[in-house]
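Peer 1: Sequential numbering of the sequence shown, starting at 1, is according to the UniProt record's numbering.
Just to be clear, a hint being listed does not mean it is correct.
Restraint-style ranges between C-beta atoms, simulated for each label pair [claimed, not checked]:
1) 196 - 244: 19 to 29 Å
2) 22 - 71: 36 to 46 Å
3) 143 - 2: 47 to 57 Å
4) 191 - 244: 36 to 46 Å
5) 68 - 24: 56 to 66 Å
FYI, nobody ran anything at the bench for these hints, they're computed from the structure. Glycine is no exception: its CB is placed at the ideal position from the N, C-alpha and C atoms.
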Amino acid sequence: MNYAYLIVFGYVPYIAVVIFIVGIIFRLVRWLMPKALTGLYNVNATVNDDSYGKITIEILKRIFLFYTLPGTDTALFVGSVLFHWGIWIALVGHLGLLIPPAQLGAMGISPTMHVLLAKVIGGLGGVMALVGMLILIGRRLIDRSVKVGNFVVKLPMRSLSYLDDYFADALLLLIILLGLIQTLWLESVEPGFFEYSVAPWIWNLASFNVDKAISYIMAAPPITLAHVILAMIFIAYFPWGKMMHLFSFIYISPTVARPSIKIRVKSIPG
Numbered sequence: 001m002n003y004a005y006l007i008v009f010g011y012v013p014y015i016a017v018v019i020f021i022v023g024i025i026f027r028l029v030r031w032l033m034p035k036a037l038t039g040l041y042n043v044n045a046t047v048n049d050d051s052y053g054k055i056t057i058e059i060l061k062r063i064f065l066f067y068t069l070p071g072t073d074t075a076l077f078v079g080s081v082l083f084h085w086g087i088w089i090a091l092v093g094h095l096g097l098l099i100p101p102a103q104l105g106a107m108g109i110s111p112t113m114h115v116l117l118a119k120v121i122g123g124l125g126g127v128m129a130l131v132g133m134l135i136l137i138g139r140r141l142i143d144r145s146v147k148v149g150n151f152v153v154k155l156p157m158r159s160l161s162y163l164d165d166y167f168a169d170a171l172l173l174l175i176i177l178l179g180l181i182q183t184l185w186l187e188s189v190e191p192g193f194f195e196y197s198v199a200p201w202i203w204n205l206a207s208f209n210v211d212k213a214i215s216y217i218m219a220a221p222p223i224t225l226a227h228v229i230l231a232m233i234f235i236a237y238f239p240w241g242k243m244m245h246l247f248s249f250i251y252i253s254p255t256v257a258r259p260s261i262k263i264r265v266k267s268i269p270g
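Please construct the entire structure, taking both the sequences and the accompanying hints into account.
Peer 2: Below you can see the structure in the form of structure tokens.
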């Protein structure tokens, strides 16, 4: 057995998942018991009379519609909608690819139809995520000014960005690009490569059959191996970066659970 494959694709996936789960729990506990002010700290002491149903609807609107962004930051709104919805669609496509061919046949889905669905769903999600990612990266790199009421406020976007922001952007961009290349090109050149290499690799890892998992992943094309390695890096990095904002809805506060108070802003050229 190739020991490099064994370490990278046999042991590292488990390490990445453990770091992911433990890291998320650690960050959530730190948010619950902060020693100082945090980004989730609420300085307003108010009585929350809203029902859980109303709070849930408000949070879901913010998660899926990003309705607080239009009129305040158009680039952030468009980029966020395209990127997040693209990622969600792509993830659904990935889950579909993990279904064993035998079960797909039982559901009346032929291998040809399965590949077509993967291309349509995965391709659509990947293109949306790529366009959204490029918009968000462009927004991060270009300083601009906005008009808030009678005031002109300069937004030094590059000064507000840190190394971890650029690292996360670059990592996600590479993952999306490699995923699109596989979906739109590699699947035509090597049809079924995912179902017969990556999918059984994941199934066997899930059942802790490492040796058998390695035998499958060794048949995957190099571009797929690179995509998998980058995905594992992202999974391990997730709890320590700003992607953790996904879990901020757990901490109900007036700033999250109540309707947004919009301030209309206008971009100023130059």
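Peer 1: It remains to establish, for every hint, whether it holds in the given structure.
Peer 2: Outcome of the hint check:
no.	hint	in the structure
1	196 - 244: 19 to 29 Å	violated (35 Å)
2	22 - 71: 36 to 46 Å	holds (40 Å)
3	143 - 2: 47 to 57 Å	holds (49 Å)
4	191 - 244: 36 to 46 Å	holds (38 Å)
5	68 - 24: 56 to 66 Å	violated (25 Å)
Of the numbered hints listed earlier, those contradicted by the structure are 1, 5.
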